[in-house]
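Peer 1: Next come the chains, spelled out residue by residue.
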Amino acid sequence: MIALTVNGETHQVDVDPDTPLLYVLRNELALNGAKFGCGLGQCGACTVLLDGKPVYSCLVPVAALRTRKVRTLEGLASPDGTPGVLSIAFEAEQAAQCGYCIAGMIVRAQALLERNTRPTADEVRAHLAPNLCRCGTHMRILRAVHRAAEMMGGGVRAVAEREP
Amino acid sequence: MSRLGRRALLANGALVVAFALSRGALAQDTDQPELPGGLAKSPLLDSWISVGADGQITVFTGKVELGQGLKTALIQIAAHELAVAPSEVDIVTADTARTPDEGVTAGSQSLQDSGTAILNAAANVRVLLAETAAWRFALAVDQIEMRDGAAYAPDGRTIGYGELVSGASLHVAAKPDVPRREGGARVIGEDLARIDIPAKVSGGEAFLQDMRLPGMLHARVVRGPSDGTRLKQANIEAVATMPGVLQVIRNGRFTAIVADDEWRAVKALYRLQAAGWERIGEPLPAKRMREAIRGLPAQPVPIFHYPGPPAPPEAHTLTARYSRPCLMHGSIGPSCAVALWEDDSVTVWTHSQGVHPLRTALAELLGLALERVRCVHVEGAGCYGHNGADDVAADAALAARAVPGQPVRLQWMREQEHGWEPLGSTMTVEMSGSLGLDGRIVAWQHEVWSNTHSTRPTTAGGLLAGAEVEPPFVPPRPLPIRLPEGGAARNSTPIYDLPNARGTLHFVEEMPVRVSALRSLGAQMNVFAIESFMDELAQAAAIDPVAFRLAHLRDERAREVVQIAAERFGWSARGRGTGFAFARYKNLASYCAVAMDVRIDRETGEIHMPRVVAAVDCGEAVSPDGIRNQIEGGIVQSLSWTMRESVTFDTTHRTSFDWSAYPILRFPAMPGRVEVHVIDRPKQPFLGPGEAAQGPAAAALANAVAHALGIRLRDMPLSPERIRAALRPTPAAPRQAAG
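Line order of the protein sequences matches chains A and B.
Just so you know, we're using our numbering here: the first sequence kicks off at 22 and counts up by one.
Just so you know, we're using our numbering here: the second sequence kicks off at 436 and counts up by one.
Pulled out of the complex, with its shape left as it was, chain B reads as follows (with noise of 0.2 Å):
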């Protein structure tokens, strides 16, 4: 900050206090709600909405598509408001010069921050077009509708959108209380076909990486193996003769190649990596990662206590340890990145979920004002949390650095994306409960031993190339996730009605390896451990598992979800090999029941789906598809995590190295039926289904296998191993390499 900033800063600092504390005192006075969603942050309708001379309207949200339908649903909300028709309305999605800051994508809460903001924006925006309308008509505001992008007075006279949004400024902040449209034709809740899905399945231009712009240029990042490694001295002069290569750029310990032809990046790429590797720093523990975990110095952090009387003597007490491996997010696109160096300016195209903060992260790590980074998001394929979008927009930047004027085009190798993506961090979760003669819960207790579970980029140390670079910038500390959201106790804390109950979390934070957040964060284990929990319980009260999770609920909506899965999937009649879970997601999001069955082959150990049921409220439904989509989604991508994956290590480095060392589910494992079913709730706040489902079908998963025979397996994953090492005559501890 400059002198001159610093004097104005404070001079203008007193004049903000008085205003806050004004405004404060007014809203006190009139006991004016809060501005909903990212409305809070982002009052001003022109941020949100605009409407053309012309009529158009555009939509600006600073969310961004991932594949989840975010643009269609915001879509619908916007033309449901303002009373036109979906195909009238257009989207601009995160770009740090057009956008809101809306953070970042994540945590299953656009349709709740996004939605609620643009809900709220578009029905501002029509009350207001609707009141210049009538001033215009000479009559009163409730003479006038609004409807197909015009106003119409009773006597036939009609005014369009454009004409009167030049009578009124949307440059005003929203109005808290602004009633929602009534009547009329309905677009929230239609299933509406995706914008982004012609392109996508036609060949057109529908991802980041089928950017092609003017004389662009491309790049490779140089690396070792893995996460925690570094290559060995390379022969950089012969690399900078190869044809083709333009630069090859170095800075500390950052590598990359920037040529005039991809196929010629990879090969300069190939020739530096056979000059071999080794590894950074302390080796990796040489026992399974979880148990390294699990033993590392940890921090307790309170999570919940809800006070009862102790456990009568009487009560029968269960304890069991529950665990998973680490994870990857496993995008089938490797990260890339699309970056211009202009007049000492940047701009970057990602596929980053946080734009924004990517932005400060750059600018910081690349020496430029703020004003001088621009990210703009493009979608990449899948990422499922914090993968390496990040990290390769970091990357291209300094790539396109040394060749100004020039746009550079950087693309991990997919060896690149499963050595260095940020993990889903392992877990351990220790359970402990008492049931009480009556079969009730009368004790509870629940701990959780986890890395963190988020070091998405906010500075240049938490970046790749930040610490590659020199001088190296440092890696901020991990923190635990505040509550109520949480990131290793992400539903930790049970929805279920128990006295004497309890939950801590062991913040390890150390990281051996590089954690990061994976979709749905510690709520799919925890969910796997408290719903496999609530089976062992229900088993020894000789207690119907969905009865028994209904004798300990109380909130309407879960039962309802509970109840419907249940009936929908048959659970009262149901055979051998069925499993039910539920959780409400973060314990304030969408409320998902998962029913299923199994069949396991005693030979192979392969576990077969002939079905799998949910139900799920996730609030006023904007898109029923859509959210069965994501739905669907999500309990295929948890079957996956929770019966086949684990990411090995060895002593030196990450061994998951691509898809053969790191198998996910392929079509011949899918359930055989997967059916959803959607509970609307109208006027009621959006809920996110994206990670809703994750949980439940992990747990559900475990509950049916162990309803077919008669064992309970607690270490993900489910694999045919594990299940045929639980099935043999003399039972010994299963063995894996790593995990």
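Pulled out of the complex, with its shape left as it was, chain A reads as follows (with noise of 0.2 Å):
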């Protein structure tokens, strides 16, 4: 039995060591919010937060968390089920076309809001670089972000944009 805690429970789970935590969160924990997208850390569907870093959670063998504590989509939430503030923000825009690679990008974005609830917009842009969404909901994805750092207390600034 291998020991993990996510979203602030500790659970016991039998697998093979190598078993990548994503593969553990959805088939022996039953969450949803990490997808599988490529198994190769290219698209970042799977993204969850460890120690409050965003990893890919393809990648990591299940035996190499320890102690370390696991953030999941549905950990953003409030105990009593309220989602989280990203959550929603993005209902709010809308901002969803297939929706698979969103859990992925609500869990990075959480990283950064955690740290820096001021970010630029450009900041916004090169943080969310590793999740990859095909629908083109790019767009709603920044406007949802902007509108997280708000309903936080602070914003995105439109300093620096997109001149080359």
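Hints in this document: simulated from the structure, not taken from any laboratory.
Cβ atoms here follow ideal geometry from the backbone N, Cα and C, with glycine treated the same way.
Treat the hints with caution; some may be incorrect.
What the hints assert, rightly or not - Estimated spans, in silico, between C-beta atoms of each pair:
(1) B:Asp-525 - A:Gly-102: 18 to 28 Å
(2) B:Arg-533 - A:Ala-98: 47 to 57 Å
(3) B:Arg-615 - A:Lys-90: 54 to 64 Å
(4) A:Asp-39 - B:Gln-668: 24 to 34 Å
(5) B:Gly-711 - A:Val-34: 31 to 41 Å
(6) B:Trp-570 - A:Pro-100: 28 to 38 Å
(7) B:Gln-668 - A:Thr-138: 51 to 61 Å
Unchecked claim - Beyond 10 Å from chain B on every Cβ pair, some chain A residues (computed):
(8) Met-22
(9) Gln-33
(10) Asn-53
(11) Lys-74
(12) Val-81
(13) Thr-88
(14) Pro-100
What the hints assert, rightly or not - Examples of chain A residues toward chain B, derived with CB under 10 Å:
(15) Cys-59
(16) Leu-61
(17) Leu-94
(18) Asp-101
(19) Phe-111
(20) Ala-150
(21) Asn-152
(22) Leu-153
(23) Cys-156
(24) Met-173
(25) Gly-175
(26) Gly-176
The two chains are supplied separately, each in an independent frame; assemble them into the complex guided by the hints.
Peer 2: Have a look at this one:
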């Protein structure tokens, strides 16, 4: 049995030690947020927070976690089930088409806004660069992150608008 | 068919013919219009709408949710016509056991087909219930007010829909001429929050990939690295004894692993793949795929011919050749299916765009009667056309057959999706056009070379596994998609007012690589070519590109879309690096114009896009925000295709095996702003926005780049490498590995 802490709860799972965290989250803990996108650390659909930092859960063997704390999209909600600020902002902006990438987007944006609620527009884009979206929902995702930053009492600074 | 069946058919056949004749004659006599949208094929009201005794309304559609907001839009339409709140309406999407057969969800036709059917069916149901209420109240039907799920009499009496429906059968054919609801609360045209989004942003069970059935096993299919390859002989015995592996299924060349745990199935897959692989059949062409296709035998198919006098001798003639590489759908979630085999029947949960055609293909593959196969659509990651969805459904069904009674979930790996999905065909277009002295076009020719744009499965031979099992099924022969929609010819017919114009499709039947329907089919390439060429002609005529288009455009709705996009962009005050393009999708659906500006980093060749402005007219706007979402997405996806993407090959296989080998646009390269202006056309037919923007976005980019550089780039992708090569002082042909 391998122990891991996810969204504040400790679990014991009976899996091969080389099993990637993603497979444990989805199949052992029945958490839907993190998605299998590539298994290669190229698309970010599986992004979770490991001690507050965004990581590709498809690349982290579960046995390597030890005492490090995992947070997933589900863990951003309040204990009473109220969705996290970013989830609310994404819904308000209708920032999804197929939505398969969205959980990873929200989790990665959470890591940024926990560190800095007043990033620049270019910082948001650079921060989200590891995550792919194929539907072309990028502009709405950016608007949702901006809205969430405002909801957290900050905002996105519009300096350095895309000059080449 | 049994012998009894044949006799019965013959006997019934006569009856059917007689009935059909009498109905046809009747239709002629009364001049009754044909039922609109999907009602023409499934006319019964209860195929589309049910009203429960408790008043609960359920809408049934044969179309599927792909993340385009279909469910919400159809609920809006039904709620509007039935005069109920949208929250009172449930929806069931494509399920071969429950919903009408509406073929595939493709071609931006869902609102046109299913939306129109549900609109008219709901109006029919409302009128039927109103008539029942009138009879109950002993009033004239025009005295009955239908609202909030109930019929109201002027004196205050009221009966709910649930009670009314017990006295009215919905198992009747729709009438074609039932009027739309007038007055009252508006639901169509409102920005309703999409019903599928809450689960998607909160970790709910939103996707087929999230399905977990009790006792579910995990499977992986075992293949070579790409289409056209197979694995060398692998050590099956060693894998069969790996921990957790329950079965290694072999049927001809088809191989799949079933395990008690997903990761264990993946490890077994990797072990089998370590045996190495080899190409099946002919090597791939050594030259670039677009040139290889251009050089293969082609069947010429006339597309259009507008007569006119030949170009006068003083006319100025331009010619140009444009091309695009093979493109990938590139779903973010690899294709997945869950299948359960029980009592010689199979249920497959699938994100296929066509559950009914898939069912037919699976029945043939599995040797089952059609009624023993059920396909249920569950939303997957966006597919953008025919990707691996159908193939993985077949893979899962074959795996499930080996473990009856236990559900099996089979998902492709990323490398399998990249390696095996059918690609969007490479295309070449050659344009020729002549300008008269007055700056008007006096002659026009469009020739397009392409493989097919649909190999969607309708038989077992259309599925990957169909070619692998023993005995194998033969893939169907590819055919051009008929006009006016067309496949490779889609949008090759110019919407402009042109004399002496001719179009020819050079349909290349031989497919060196696997191709099929990619969002907008040939439209992206044909519009790229037409709209690039319009700019080239405008430049030769020294006329502003927007004015040049308007001078050749008579369709009033087209003119308005062009004018609004130009005005909102501020075209009249444009600077350097601006581009414009327009098309009406399929020449019969949505109108879309795109204006944008670019700045080009001459050192790196990177294109920066400060602003993109689009105007769209897709008929009556059911959900304006849904339309904006689709157009924004269409623009961004097409910009990625047009400036970044190209599937690569060597002579043995497809080498675009993951996102590092097939890069798409990421956040830092996104436009600064994208604005979409929706032109609502109340009471006009729904036209569907899903594929309207791809062509115009591609061409607007090319035109903006040409305006910025003073150099025209005609071969996609307009990559940094091509731009750097174009800017080199001594022009050299841009080189690239493949595409």
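Peer 1: Mind listing which of the numbered hints don't hold for this structure, in increasing order?
Peer 2: 2, 6, 10, 18, 24, 25, 26
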